[in-house]
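Enquirer: For the protein sequence lines, the chains are A and B, in the order given.
All residue numbers for the first sequence refer to our numbering, where the first residue is 1 and numbers rise by one.
All residue numbers for the second sequence refer to our numbering, where the first residue is 339 and numbers rise by one.
Keep in mind the hints are simulated off the structure, nothing from the lab.
Do not rely on the hints blindly, as some may be mistaken.
Listed next, with one range per pair, are the computed distances between beta-carbon atoms [as the list claims (entries may be wrong)]: (1) A:K144 / B:E415: 33 to 41 Å; (2) B:G381 / A:L209: 55 to 63 Å; (3) B:G381 / A:L241: 37 to 45 Å; (4) A:L13 / B:V559: 58 to 66 Å; (5) A:L209 / B:N363: 49 to 57 Å; (6) A:F122 / B:N363: 55 to 63 Å; (7) B:E362 / A:K144: 32 to 40 Å; (8) B:I567 / A:K6: 29 to 37 Å; (9) A:I10 / B:G578: 55 to 63 Å; (10) A:F140 / B:I396: 20 to 28 Å; (11) A:F18 / B:E409: 46 to 54 Å; (12) B:S482 / A:I330: 43 to 51 Å; (13) A:L13 / B:D512: 49 to 57 Å.
Note that CB positions come from ideal geometry on N, CA and C, so glycine has one too.
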Amino acid sequence: MLTLAKQRKIRLLIYLSFLSVLLFLSFLSSLMIGSFPLSPIEVFENLINPEKNKTISTIIYNYRLPRALFALITGFSLGISGGVIQSLTRNPLADPYITGMASGAALGAAIAFLIPIISIYFIPFFAFLGGISSILLTIFLAKKAKAGPIGFILAGIAIGTFASALLIFIITLAQEKAHGIIYWIYGSFSTSKWSDIIITLPIVAFCSLFLFINARDLNILLLGEEHASQLGINAKRLWILMLLISSLCVSSCVAFCGIIGFIGLVAPHMIRLILSSDNRFVLPLGGLTGAFLLLLSDNIVKSSINPFGEMPISTITSIMGVPFFIYLLIKKGGRYEM
Amino acid sequence: MKCEKCEIIVDGISVYFNSSKILENIKFEVKKGEMLGIIGPNGSGKTTLLKCIARSIIPKGRIIIFGKPIEEYTNNEYSKIVSALLPNWPNGFNMKVYEVVLMGCRNRTNSFWWEKEEDIKATEEFLKLLKVYHLHDRDFTTLSSGEQRRVLIAKSLVQRTDIILLDEPIAYLDLKYRIEIMEILKSLSKNNKIVIISAHEIDLASSYCDKIIVLNNGKIVAMGKPRDIINEKLIYEVYGINATIKWFENYPIIIPKRNIKKEELLCLN
Chain A
1 MLTLAKQRKI
11 RLLIYLSFLS
21 VLLFLSFLSS
31 LMIGSFPLSP
41 IEVFENLINP
51 EKNKTISTII
61 YNYRLPRALF
71 ALITGFSLGI
81 SGGVIQSLTR
91 NPLADPYITG
101 MASGAALGAA
111 IAFLIPIISI
121 YFIPFFAFLG
131 GISSILLTIF
141 LAKKAKAGPI
151 GFILAGIAIG
161 TFASALLIFI
171 ITLAQEKAHG
181 IIYWIYGSFS
191 TSKWSDIIIT
201 LPIVAFCSLF
211 LFINARDLNI
221 LLLGEEHASQ
231 LGINAKRLWI
241 LMLLISSLCV
251 SSCVAFCGII
261 GFIGLVAPHM
271 IRLILSSDNR
281 FVLPLGGLTG
291 AFLLLLSDNI
301 VKSSINPFGE
311 MPISTITSIM
321 GVPFFIYLLI
331 KKGGRYEM
Chain B
339 MKCEKCEIIV
349 DGISVYFNSS
359 KILENIKFEV
369 KKGEMLGIIG
379 PNGSGKTTLL
389 KCIARSIIPK
399 GRIIIFGKPI
409 EEYTNNEYSK
419 IVSALLPNWP
429 NGFNMKVYEV
439 VLMGCRNRTN
449 SFWWEKEEDI
459 KATEEFLKLL
469 KVYHLHDRDF
479 TTLSSGEQRR
489 VLIAKSLVQR
499 TDIILLDEPI
509 AYLDLKYRIE
519 IMEILKSLSK
529 NNKIVIISAH
539 EIDLASSYCD
549 KIIVLNNGKI
559 VAMGKPRDII
569 NEKLIYEVYG
579 INATIKWFEN
589 YPIIIPKRNI
599 KKEELLCLN
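Please put together the full structure from these sequences, using the hints given.
Expert: This is how it looks when you write it as structure tokens:
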């Protein structure tokens, strides 16, 4: 008979290979789909040899590849951070969007964008300030209100809505076009550039690494401070550190693609339903699942383009995520304590 | 009255909560290889006392373990010495039974990703020892209270510490598992560990523990070998009921007299 540890590793490998295939397919189709459709063969030929057809390689290298890669990075960071925030707040309904973190980050980034002297490299930092202060405010309000997990969600929605309203207010005052507002509030990858990736990738890589390393202790944090201390963990320090890092991870992406809802909710829960609640599975696989879901959503956005422009990406992620949210609300809403 | 050989010295601790006394001037010592039982009525401070030793509550007074006051240990050092099964088990994210028990290994190893081979082996051994191996793939929250209790005992034991604190380990358990778990704890204490339990089952606690502490209203009212202290007078003082006690070697059978008055039951009509 197989040992339990081996059984777990085998399940992990099966899911991982399944997910890799899906990721590969969605990444490939992301390079194919657009206003100028390409066949898989054209994509491969021009990826390997950019000189073959100048027009096609320009489309791939300047537009589709950065867009697909940035969607991948964002989905990954949303998936991981969603899992972390759910564990830290012990609330299955939490995610970067619902806790107001994403809206706060977008507000911070938008302010930084509108101040001309701030270099693009510092935008993630402002987004981080916005994101962390929003979620801390949400947690504070929820504790004050003593209304349990649902109170936490309500506080998050209040903070998120307020941040979004401020965001629209500021962008309108700055006389940005309406397109800018939609871009910030509902997210879009249509303007993703290589420079965004160069700034975001190192931050997301560092944050994910930190969160992975602490995944095992995050499991124990789920049991509460008392149990965590008995197992030798400095619970308070770890809690605040993980909150900071996960918020940095999300904010750096939100700064360049706007607010994207529900990926951080759906992705980690899919792993919990399919595999296990162990954060050593939930975080990396939830990240990959998030990347896949976001690429898929972006593909749908790209293939439904019309002459007036694209629809925002949150349209698709909300259509996928809200039914899932309702399912969790009904099934688990009252069962967890803050 | 310091005893050199004693591994745990509880030196006059008191706990107050909003000016009401929970524990008052508790003093006792425990030697290696001893199994200590704490009994007493509901609200007498049994759990609070265990929580003080587990460092969940910081009392007034001193507790010295292995010659060092407990507040001088770091969390990590302390987790290698003391394991505790306390109430308030949180309703986590439907962890699987195996994962819950595996968490107990966190204190032994600082490897961050997979557990070491010996820890995985120990986890499976303890799952088998507490007869919960067949449940390993079930969600913890879907188990019955008795099964949950056994899983949590496994999680405490897999920490493999020298001092084991268990708050009502045999509550919710059926006759068979009560005996089995008491036997496991007894053999642990014979292996030079210190086992401290709280229990409502005076009979089982008396027959297995080397020493009993009887708490009432936050004070120790009796302490010593079960055979010497458990008697009808004590039961009356502590629980306020008349009872007849018959001893079968180390095992007391306590037959309580009917206590509730007819007038008190009038509200049921």
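Enquirer: With reference to the structure, classify each hint as holding or not holding.
Expert: Evaluated hints:
Distance hint for K144 of chain A and E415 of chain B: a CB-CB separation of about 36 Å, consistent with the stated range 33 to 41 Å. Distance hint for G381 of chain B and L209 of chain A: a CB-CB separation of about 49 Å, inconsistent with the stated range 55 to 63 Å. About 39 Å separates the C-beta atoms of G381 of chain B and L241 of chain A, a value consistent with the hinted range of 37 to 45 Å. Roughly 60 Å separates the CB atoms of L13 of chain A and V559 of chain B, a value that falls within the hinted 58 to 66 Å.
Our hint of 49 to 57 Å for L209 of chain A and N363 of chain B holds, since their Cβ atoms are close to 51 Å apart. Range check, F122 of chain A to N363 of chain B: about 60 Å between beta-carbon atoms, so the 55 to 63 Å window is met. In this structure the hint that E362 of chain B and K144 of chain A lie 32 to 40 Å apart at CB holds, the actual value being about 35 Å. Look at I567 of chain B against K6 of chain A: about 51 Å separates their beta carbons, and that is not inside 29 to 37 Å.
Take I10 of chain A and G578 of chain B: their Cβ atoms lie about 59 Å apart, and the range 55 to 63 Å holds. F140 of chain A and I396 of chain B have their C-beta atoms about 25 Å apart, which keeps the hinted 20 to 28 Å range intact. Take F18 of chain A and E409 of chain B: their Cβ atoms lie about 50 Å apart, and the range 46 to 54 Å holds. Against the hinted window of 43 to 51 Å, the Cβ-Cβ separation of S482 of chain B and I330 of chain A comes to about 25 Å, which falls outside the hint.
Between L13 of chain A and D512 of chain B the beta carbon distance is about 40 Å. The supplied range of 49 to 57 Å is therefore violated.
In this structure, the hints that do not hold are numbers 2, 8, 12 and 13, in rising order.
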